[in-house]
Structure formats: C-alpha cells, structure tokens
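Asks: Go by the hints and put chains B, C, D and E onto chain A.
Take a look at the letters that make up each chain.
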Amino acid sequence: MHLDAVIWEWIFVGIRILAIFVITFAIVPYTVMAERWVCAWIQDRIGPNRTGWFGLMQPWADALKLFLKEDIIPNHVHKVYFVLAPTLVFLPALLTMALMPWGSNLGPMSCVLADIGPGMLVVFAVGAFSVYGIVLAGWSSNSKFPFLGGVRSAAQLISYEVCIGLSLVAIFMQTQTLNLTQTVLYQAANGWLVWQQPLAAFLFLICMFAETNRAPFDFPEAEQELVSGYNIEYSSLKFGLFFLGEYANMMVASMLLVTLFFGGWSLPFAPFNAPALVWWVGAAHVAIFVAKTACILFLFIWVRWTVPRLRYDQLMGLGWKVLFPLALLNILITAIVLGLRGGA
Amino acid sequence: MEFYALQMEIATVVLAVIGLLAGAFWPKHVSLIRRGLAEGALLVVLASLFLAFPQHHAFFGDTFVLDRFAIFFKQILLGTAALVLLLADAHGPLRRQGGAEFSALVLLAAAGMMLLASANDFIFLFVALELVTITFYVLNSFLRGEARALEAGLKYLVLGALSAGFMAYGLAYIFGATGSLNFDAIHHALHGDKLPQGVYAFGFGMVLLGLGFKMAMVPMQIWAPDVYQGAPTPAAAFLASGSKIAGFAVLLRLIFADLLPTAWEAQPVLLMALAAITLLYGAVGGLAQTDLKRLLGYSSITNAGFLLLGIAAGGDVGHAAVIYYLVQYLFAVLAVFAVLTVVANASDTADRATLAGLHRRSPLLALALLLAMLSLAGIPPLGGALGKFFLLLAVLLRARVDPAFYALAGVAVAGAVIALCYYLRVLRGAWADPAPDAATRIVVPWTVRVVLFICMAGMLVLGVWPQPLLNWALHCLH
Amino acid sequence: MTAYDAIFWFFSLALLLCGVLVLISPNAVASGLYLVLSFFFLAGLYVLLQAFFLAMIQVLVYAGAIMVLFLFVIMLLDYRESRHWWHGNLLGLAGAPLAVAALAAALLPVLKRSGALAAAPEQWFEGTLENVMTPVFTRYLLPVEITALILLAATIGVVVLGRKEKQP
Amino acid sequence: MLTNGHLVWLILFAPLLAAGAIMLFTRRLPRVSAALSIGAVVLGFALSLKLFVAVLQGQPVVAPSVVWLDLGVLQLTWAATVDRLSALMLLVVTGVGATIHVYSLGYMRGDAGFARFFGCLSLFMFSMLGIVLAANFIQMFIFWELVGVSSYLLIGFWFERPSAAEAGKKAFNVNRIGDFGFLLGILLVGSVAGTFNFAELAAKWPTLGLSAGTLALAAGLIFCGAVGKSAQFPLHVWLPDAMEGPTPVSALIHAATMVAAGVYMLCRVEWLLVASPEIMNLIAWTGGLTALMAASIAVTQRDIKRILAYSTLSQLGYMVMAVGLGATTEAMFHLTTHAFFKALLFLGAGSVIIALHHEQDIFKMGGLARKMPVTFATFLIGTLALGGVWPLSGFYSKDAILLAEMDKNLPLLVLALVTAGLTGFYMARALIVAFLGQARDEKVAGHAHESPLVVTLPLVLLAVLAVVAGWHDEIPHFLKPEFHEHDHGSLVLLGFLAIPLTGFAVAALLYGRGAKDDAVLRRLLGPLYTLLENKFYVDEFYLFLVDRVQGGLAAVCEGVDFIVVRGLGVGGVSGLAQFAGWCVRQLQGGYLRFYLLFTILGIAAVLIWVGR
Amino acid sequence: MMHVGLIHYLAVSGALFALGLACIVLRRNALLVFMGLEMNLNAANLALVAFSRYGGHAEGQVLATFIIAIAAAEVAIGLAIIVALFRQRSSMVTDLLRSLKG
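Chains as they are written, first to last, in our numbering: chain A, 1 to 344; chain B, 1 to 478; chain C, 1 to 168; chain D, 1 to 612; chain E, 1 to 102.
The shape of chain A in the complex, shown without the other chains:
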C-alpha cells in the first residue's frame, strides 16, 4: 500500500471519529433540550425559551454551569471507583455509536466508522458495560440510596439483557447476519423488519426502555424513592457525565431500533432503498437516519412523561414472566415460519 493511501485512510478515519464526537456532544445536549420542551408541551406549559434564540443556547449554559461547579468527592467513598464510574457510563455509548450505520456512503467514504463483521455482538458486548458504571457508582458512593440504586440497576440490566438478546435472535434468523450494515441492506431490499417482526420490535423497544433506565423503568434513579439513586453523591463534571451518558445511551438505543427495525437509512422507494451512488443520496440517507432516530427519541420522551413508573416487582415480573416467554415464543414462530418457507 502506498504511503499516501495509508495517510488518506487515516485521515478518513480521523474525520469520522471527529464527526462522531462532535455529533454526540452536539446532539446530546439538544436531546436534553428536546426532553424539556416536550415535557413542557405535554404538561401544557412553556419550556426553556430565554437563553439564545428560542432558548436554543440553554443546554450550553447548563453545561457550562455544570463544568464550573465545585467537584466534590465525599470522604466516605471509594475514590478510585467513584471517579471511574461516570466514565464507564459514558464510554460504552460513545463506542457503540462508532458502529452505527449513519448512512450508506458519502462518495468513497463509508458512513460507518467501524464496520465490524458481527457488529451486533460488539454492540452488545460494549453495551453490557454501561451497567458497570452504574453498579460501581452505587457501590463506591458507600451510602444507602446510591447503593440501592446500583443494585436495582444491576438486576434490571441483567434481566432485560436476556430479553434483548432473545428478541434479536429472531431477527438474526431472518436476516442471516450479525452485521448492522447488512441488516439495513436486507431491510432496504425486503421491507422493514418492524412489519415482519412486530413482536420482536415491541420486545426490543420495551427492553430498551429498561436498559436505558428510562421511565417507566427508571428505578435506579427513581427520584421519589431514592432521591436520585446512584448519582446522589456526584456533582459537577462527573454528574454531567452521568447525565450525558444517559442521553447518549438513549440515542444509541434509538439508533439501534431504527437500524434493526425501521430500515436504518433506507426508505422503501428508489433511490433511497439502495446504497448511494451519488453524494446527495448519501447525504439524504444520513438525514433519513437522523430523522428516524429523532422520532424514536421523541417516543422515548413522550413515554416518560405519560406513563407512570412501575413497582419494582412488577418490573421483574414483566421481564421474566411476560417478555421472556414472549421472546422465546417469537423465536419459535420465526423458526417455524422460516422452516415452512423452505429454509431461508
């Protein structure tokens, strides 16, 4: 390989990495913003509208405020883990985003930062780590509420991880791939999986609510019970990282949902149902993806402000007694259908 080719390769990679970071850091605050607006709209009040144009600078002001606050590390905590925890929450989300097929391709450049073969597995492997952050935060804070939050979170994540995996098995059986890009291409050619696998999509959605600790499954924080759960003892930048992590995870969840069930960057008509051959189609793909993600995000926020929180045993019951069997049933049905179709 020629030297300049290598250099160009590296430059492309650099650009993509930068893009991911920028996008994440840019979008996440606006997700928070969106949440506040939607919340206000649902509660029939006016959301933040002062800072900047229509209040658009509000998140940046919040961020600045967080960064400038005093960083308190209480005396009774396990310091190393206390510091480590917020990073562990945020990093997996960031890593996962690198695997997302944001679009087909922009000219010669693929819109996926890392198009790893069994990408879905990587997403899971990495995603599984977000629990460490929360568990560690709860444990290292060394006080009651954070601890309870941490324990709840661990149990919740482990329980629902199973359902996610099972609900996706059906998808894999149908698409015969673990690669995210391939999954999107399959949908582009054969229609969105949400129509073919509605049960899987439903299960996946519910599990994602649980995995991201969002209402109605926001037990680790559960403001009314645990004050604020695992992040009680955190302040300033570290709290900000938790905050960022939560919304980043939400974004990743939305993107996954879009990628796996809602056709990713594709739309069911030409020229958007095939990888881009010209640059503007590529750009449109990115836009489509972002738009779909935004819709799902809206769903997340919408649910949070309309559905009340479950009880903890209801959460576990739902996970193990309803979703788990349903997921297994779905696999069975899929297997039968595929078998009848003559082995897909």
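It is worth saying that the hints were derived from the structure and are not from the lab. Only a predicted model underlies this, so the values are computations on that prediction, with no experimental measurement involved. One should not assume that every hint holds.
[Claimed, not checked] Short, incomplete list of chain C residues facing chain A, as computed with Cβ under 7 Å:
1) 10
2) 56
3) 59
4) 60
5) 71
6) 129
7) 152
Glycine residues also receive a C-beta, built at the ideal position from the N, C-alpha and C atoms.
Replies: Leaving out everything else, chains B, C, D and E in the frame of chain A:
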C-alpha cells in the same frame, strides 16, 4: 432425523420437564409427582428392554454411539435414578422443603449420565459431564436451610470446577496433539507415526483425573467424605451410584475406543499406583468414622480403588469384572442409603448411634443393612464377594505376565481386610447395640420397601447366579 | 519485532499483570474489576489469533454477564473481609507458590514439545462466525442441546437456592 | 427318574428350602418349623445312606452339573464331588446333625426364638453340606463363608447377652483372618493353574513345575483357612468363647462338623500339601502343639462346656497333626469317631445343664449318676471313647494316628502321648466331679432329674455309634480300600492304652474322695495351674497387644511418639492401619483450600509422571 | 527474539492457569476462589483457541464456546450457594466451613 437414537434421553428429559411443570402447577401434590416420575422412569427402562435400538451406528457426526454397552448403561443409570427418586420421596427434609425440582434435577442428571455412556467425542463428553456435574452442584446443596448441605455443595462445586478446569486444559492438549477431539479421529492419529505421545499422554492424564473426580479416585477423592456427609441422603445415594457408574462407563468407553496412551497399555504403572493408593486411602480413612454417611464416602473411595484394579489389569476379564462390580455395587450402596434415608429421617445425619438396635426397630431395614454391608465387605454368597473375586482374578491373570500385579493383588486384599473392619462395626451397631429407650418402631414407606427389595434381590441374585450379567458384560465388550 | 509481536506482548503481559492484581488486591471489588480487565486483554489475544467470534463472546459473556453477577453479589452482600488476606494465611502463602511450582514442573516439559505442533501457516484457522458456528450447529448440535439442559438445570438450581426459607 | 446324582442336590438343598420356608413363612409356628428342619436333615441322612451304599458298591455317582461362571479364560462349574471321602463326611454330618436336631427339640423347648433357631440350624446344615460336596475351590470358599455367617448367627443366638454377641463377633473376626489367607491361597492356586476344580488340580498340580517357594506359599495360605476354621494355634481363641451359644450348637458346630471342616478341607487338597514337605512339617507341629496346649488348659477348667471345648481343640490338633504326617485316612477316621463321641459328650453336658437350670460349673455338681442314669451312662461311654479305651471307637482311631507317628516322627509321638494322658485325666476329672460322690451344691444339684426321652434318645444313639464306629477299622478301609493297620504288636497297643488309663487313675486319686474344689491340683501344679487356668494368657496377650500398649502409650505420647508407638513400636498391621487412618483424617480436615492444594499437588504429581 | 508463535500462547495460557491455581489456594474469600476457577477455564480456552488457530481445526474454538456457556451456569450456581451460605453465616470465608471433616 437421527433423534430416534436418543429416545431414552429424550424420554428422561421430557419426564424432568413434566415434573417441573407439574410441580409448578400442583405444588400440593409433589409427593405424587415424585412417585409418578419414578414410575415413569422405570417404565422407560422397561420399555427400552423391548425396543429395537439402531445399534453400532455413529450418530450426530460421529459424536454419539449407540451400542450394547451404551444401552446397558443407560438402562442401569435410569433405573438408578428411578430408585433415587423413590428414596427422595421418603426423605424427611426434602419432603419438608417441598418442591418438585429435586426430582427434575435427578432426571436431568440421569439424562447427562446416559448421554455420557454414548459419548464418542470429547466435546460431547465434556458437555455431558458438565450437565451431570452442574446438576449435582444443586442436588448436593439442595437443602438450602441446612448449613451442612450448603457447605457440601460449595466444596463439591469448587473441587468440581477445579477438575473441570483441568479437564478442559487437558482437552486442549489432546486437541493440540491430535488435531481433533473425536474419538475415531484421535484413534487414527494415535496410530500414526507423527503423534507426539508425551503431549497426548499429558492431556489424557488430565482427562483421566477429571473423570477421577466422578469416581472419587485419588488424587480427586478428597471431596467424597465431606460431600457424602453433608449432602441430602438421596443426593449422596445418587452420587455414590449413578455418578460413579457414569464415570467408569466413560473410562471404559475411552479404553474401548483405544484412546489410552500407548505407553500405558504396556506398563500401567500409573493406573496401578492410583488403584492401590485409592483403595488403601478409603480403607484406612474409614477406620475411625462414626458418621455413617461419611463412612460411605470413604467406602466409595475404596470401591473406586477396586474398580480401578480391573481397569489397570485390563483384558476381557478385567473389563467384564468392572461392569459386574459396578452393577453389584449399585445395589449394595443404594440399599445402605435407603436404610439411612429412613433411619436418619429426622435429622439427615447418620451417627452410628442412630442405628442402635435397628433389628428391633425394623427387621427389614436391619436385614437390608446386613446384606448390603456383607456385600460391600465381600462376603459370599452376595454380589460383592464375586465382584471382588473377579477383579482379583483379573489382576492375577495379568500377574502371570507382569509380576508387579502380584503386589497389587496383595494390596487389594489388605485393603479389603481393613475395610471389612468398618463394615462389620456398622453391623454391630445395628444388630448388637441395644436400642435407646426412646426408640420406637420405624415405619418403612412402601417406596423404600420397593427399593430395598430390588436391592436385596439384586445382591443375592448377582451373588448366586452371576453368569447372565457376566455374559452380558462380555457381550458388551465385543 | 513486528507490530503483531508487540501487540501480543502488550496484551499478554497486561493480562498476566491483571491476573496477579486479581489475586493480591485486598478488595474483592478491585479483584473483580481487574478480572474484567484481564478478560478484555484475553479477548485481545483472541483477536490476534483471528478468533473474532470468540473474542466477542468472551467480552459479552464474561465481562457482560459473569462478572456483573460477581459484582452484583459482592454488592448485595456488602461483604468486607475482616482482615487483609495475608494475615495469618500461612496455608495460602506457602501453598500458592507450591501449587504454581508443581504446575510448572508438570507443564514445562510438555510445553517445550508442544511448540512444534503448529501447522504450516496456510492451514491456519480463521475463527470467523461462520467457521466456528457451522460445526456448532451441524456436527455439535447435540452438545448445544445439552448446554441448554445445563442452563435449565442451573436456572432451577438458582431458583431453588435463592428462594427464602419458609418460616415454619 | 431321580438318579443318585440328583439326590446329591436334594441332600444339599433340602435344608436350604427348610430354612427359607422357616424364615419367610413359619416364624410364628415353632412346631411346624422344627418339623421342617428335622424333616430336611432326616431326609438328608436317609439319602446320604443311600449314596454311601452306592459308593460302597463302587457305583459311580455323578451329580448333574451346570456351568456357573464362564469368563472365557476360566470356567467354573457348579458340581458336586461324590467320592468316598465326601460320602463318609455326608453321613457324619447328616447323622450327627439329625440326632442333634432331635435333641434340640428338648433343649430349646420354650425358647422365644425356637423357630429362628431351627431356621439357623437348617441354614448351617446347608452350608456345611455345601463344603462337603464342593467340587472346586470357589464353591468351597462360598460355603466356607456361609458356614461362618450361620455359625455367627448361632453363636450369637442369644444376642441379648453381651457375652454371646461378643463371642459371635470374635469367632467371625478371627475366622476372617484365616479366611483371607485361604482366599489368597485359592486365588494363587487358581491363577497359577488356571482352574479351581479339585479333580483337575489334583492331576495338574504336580506337573506344573512350580518353584518350591510358590508351592510352599500356596500350601501355607490354604492351611491358613484350616487354622481359622479348625481353631488351631494361634487362631484358636474363638472356639472356647463360642460356647456361649446353645449347647446343641456347640455339639453340632463346635465339635462334630464345622470345626472338622478345616481337617476335611486339608484332606480334600492333600495333593497340594504333599507337594511342600516344609508346610507338611509346619502343619504337623501346629497340630501337635495345639493338641498339647489345649489339653493342658482343659485340665484346670471348671465349666463343663469349656472343658469339652478345649478337649475338642486338642482332638482337632490330633487330626491336623495326622494330616501333617500325611496320614489323611487316619485323620478322617478320627474325625468320624470324634464327631460321634464329642457330640455325645456335649449333648450329655447339655442334658446336665438343663437338669441344673443352666449351671455349668462342675464343682457345683456331683452325685448326678444316680439321678440321671442314662445321661451318666452315655457320658461315661463318651469319656472312655475320648480317652481311647479299648474296645471303644476312640481307641482305634487314636491308635491309628499314634501308630502313624511312630513310623514317621517320634518327637510328635511323645507329644501326642502326653496329650493322651492329659485327656484321660481331665475327662475323668470332669466325670468324677460332676457325676460321682455327693452333690457339692445342694441348691444346684440336689433336685436334678433325668431328661426327657427326646434328649436321652439321641444320647443313646450316639453312644452306640461311639462304641462301634471303630470296630474292624471299617472306616479307614472304606476310605482307602488298600488301608492296612501298621502292625507293631500288641505290646505297643497296650502301652498306648496304659497312658490314658494312667490319666484316669490320677484323676480318680485326686478327686475320688469328693474334693470340694480344685485345691489339690492347684497345690500340685503351683504357678503352672494359674498359667493353665488363664489359658496361657493368649487372650490377654492379644488384648494387651491391641489395647494396653496402643491405648496407654498413645495417650501419653502424642506427636512424634505417636508415629513411633503406633506405627513402628507395636508394629502391628492394625496399628499401622490406624495410624494411616489418622493421617487421612488429618488430610480431610475440612479446610477447602487445603483440599484444593492437595488436589492440585496430586494432579501435578500425576502429570509430572505422565508428561515425563 | 523469536517471532510469536503457538508456544507463546501456550506459555501465557499456562501462566494464567497457574495464576488461577494460586488464587484459589491463596484467598479465603469464596468469591475470589471462584474468580480463580474462572481464570483456569479461561486459560484452557486460550490454549484451545491457540491450538485451533495453529493446528487449523475448528473443534478447539467450538469447545471454547461451550466452555464459556458452561462457566456462566457454574458461576450462577456458585454465587447462589454463596448467597445462601451468607444468609446463614454472614461470612464467605471458606476456612470457616468446617462442620464436615475428619
């Protein structure tokens, strides 16, 4: 579909699942379910006697063989599981704790053992072995309210996992040396000239030790007394009978597949040493025991040593003797555990004092204990005597070629004499010691009666008329 | 030394270092986290061995599930050792080197001989998803089913053991 | 059509069927049980007679046989040996057995375990007949063990008595030591020769060309079995204690049949012993020593059954001595006559014991001759027969042995003659003290009266046999048609007769005037008396070996001393085993991590060996 | 320095196995004992994968996959037992588990 080769295993697993579901839906009728499962298992065994099995074929890509040997051991193991279920139904602490899970787990373990009997591939073997092991982790610690059971479970688990780790590591070296994990392929590789024998023997040694954990062979024996003592009696019974039989069945299978490192066949020094040490360890260890279940742990070690004699001696007589010994041992040891299940019903401990005056409190139990102990001690005309005789005969036949085996025979007799002392001491407790004043007549439930009668009949019949079983065993070998 | 070698040395030394830290950490949580870390490096070694699928599974199962369970239990029981592990631990301090030495004595002669077992480079195996899972779901289908039984047994076991004792 | 061959199996299995029926069905019906049991043994006796006649007439008797075990390299047949030896033995066992069965009807009357007793008795008969008929070593060993078990059951019949239970256990354990030697010997013979069948072995054994060491080892180990079962020194300790059992049991098992099984077995495997002159010598001396020692112990005993027990030991020693000299025919001859008169003596003693409500001390008896004339008369016959007085059977059989010794081994002859003198003395002592003079203890012996017919009839029957069994040397001629008496002139025979008579005379001198106790003898023998009274302290020695040294010292010295004392100091195998057991239990100390370490080190050791 | 090959991986695997053994002997905490056992299994896996790679056969990785699944089951039960024990004894020091001995 090749699944018709699996009919017995499938039936067993289906029974287990039925038991589990029935236990969930009708928790009031756990006892009924247990007995039903036992009867179901016995029915499967009976049915299997009349079923035509597709024999001598390798199934599932050569990972599974079904020959007379495998079918025979499947029947034995499932029958054992059925008897253990009957015991479990009579076991006080298990009844009090309730739940049908114990029965389901016993059947799952039995399924694992039955699969083991058919193993023709190390991957298959390892996974099936782990099914048995992991099920036993639970069975041994099943009485979660009793610290002793939990302790037994933990010890079994940690040592079992250690042996599994070694076994996996050994499999890696077997795989590295031969490039395969399939018995047939390894067999071919073994007789090629390129095979690094030392590496293979290293790996095989670890596999042998991993199986040794199941058989309670030195140096993997150390869990046996503790776990037998602490585990619920039916679980210990299954451990002593099923698990050991399965371990030896696998070892025999490995030998039949001609997988022993070539150096071992000419000079089985290692096997001889292991047999001798195992035998003596169990014999002397049991001398000062007062707890009967613990004593049975040591007895189990001694018997493993005896069985290894046959393995070390090899030859048709040696292998047939091992098979015969396993079957007769099964009856004797199940009988003892059946007695203990009833006698130690209240506490699940079995100090020698609990047996005092047993012949007054329940002649049936005392008689069964008498026969079982005499059989274990090797007194004719019970099965145990003939079993020991065959094993010694195999050793002596081998000694005509290799005089070192004379020493092994001497050790075996010494071990038998030492072990005899403690078996007889148990009998004295049951027959000579006066019953404590508070002792009342023991009511023996019909489930245990069934087990006892089967076991007593087995011991006597095998001792008096061993030829059918021997024929069958010799038949299996060819 | 090629880059491959450098990465190998980095991963394996880090792996072993983490292993050592696991056994000497005074705190069980720290041990657990070091173990997670060492599994990562192990996954790295798998990648170097072109066993991509296994590397993923390794991270997913070990780091994602097994170690979370460990941490969960440590937290749930909120257990702290009453003294440092080396206090009065003669058995361990004497036994551990003994165990290691014994293993080394057994392993080293074999290790020397097994280096020569490698085949020609063009025959090396690539552990992609297809290459690994095809035998799993064809030839080794039965072990898969048995593994399912293992998981069933384990589930039953955990449910039984975890249930609270009924108060009589 | 039942041939004689089939009858052989009928003889063997009839008692088993009876025992099974009693155990399973008629435990609550004492009369039916007794009838079953007696019927079986009487049937056996009748059939044995038929067989005996057949053998006498030279008809071949071949019992149908089945292949019992077939291991490819080895075949074991379930068969019966019917030759002159076993035909005679069958007759003795069933004959004496039948009388004793009948006798038990009276002796055990009213006992709570009446049915159980007859069940056990039948089981014993089955086992004993099995030994007699065994055609190969394995078959013999199985019945050998069964005899041990059934005698264990019978000795411990009154298991409520701790001493009875203890005696049963002792008998069993001591026998196991001998039996394991026996088993080893059997396995050695079998593995060397490739067969266990007596007939084949007898033909094959001399042609195998084995080394002298192997021959001696095989013969020695086989002899071990006889040492245990026939209660030879040093395993003789169980027999006197076994007298705790009911008296018929003592008569049947510990006088007539079971203890003789060792001698019978030695005769059966004569070819094996003859092959090793050293072992023959050992056997002869073992027998001789046992005979002398037991006879001298009997001199001081006060319990009538114990006197008879030591007498039995002594006579067994005679037989073993004869075997050791190669005089198997003479040994069997003596075995037969001894069975008759010793059973007679035991039953007579039993009769006395019933009459005196279970008093067994002879110094509390006296004057019974008038009150129990039949018992006295038969007992007298027994005594004279045992003493070897012409023309009773004991004279002929004993003389046959003495004459054989005269030819072969003079030191042993002296030993045997001394024994004969002692025999005369102690028997006369017992007879005189128990039956003659005045009642020494009115409470005990005053109200005695003769036993019922069911007891005395067997006595009379046996007495007749004890008288006539030796006439014309019929028995040795039957066993070995070419047998001829060693002719040494009547002077020698007169000398042999004089020796027991001297014994009688001395006893009459010492006890004839109604001695109240044993003071005279005690004065006469001095410390020797104490030694004899305590049976040479053999039991105490064993006890000391096992208990005192071990227990006492071990308590003092823990730690290093522990190893020295238990492991090396006492040096006993038992001590070593105990010590090893102690070590194992230290290993199994419950520490999980230690278990792990042990396992790891063990695995590593194996792997180092494997990966060499 | 020679190029990295099969023997290097095997050496690392052996070292990891040794560390696992050391861990189970050294530590009194039952959880640490389990961690040591996990290290053993992982060492076995590494050896399997290395042999599989350099020997050119898939079986090693197949077995490794199964071992991972089995390890999960094993740990689950082990932890359940520990929790149950802890409920009774408030300790997970293995040295205290000595009611069965002798």
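Asks: If a hint holds in the structure, say so; if it does not, say that too.
Replies: Hint check:
1. 10: 20 Å, violated
2. 56: OK, holds: residue 56 of chain C within 7 Å of chain A, min 4 Å.
3. 59: For residue 59 of chain C, the interface hint holds, since the closest Cβ of chain A sits about 4 Å away, which is under 7 Å.
4. 60: This hint holds: residue 60 of chain C lies near chain A, its Cβ roughly 4 Å from the closest one there, short of 7 Å.
5. 71: Holds, because the Cβ-Cβ distance from residue 71 of chain C to chain A comes to roughly 5 Å (cut-off 7 Å).
6. 129: 5 Å, holds
7. 152: 12 Å, violated
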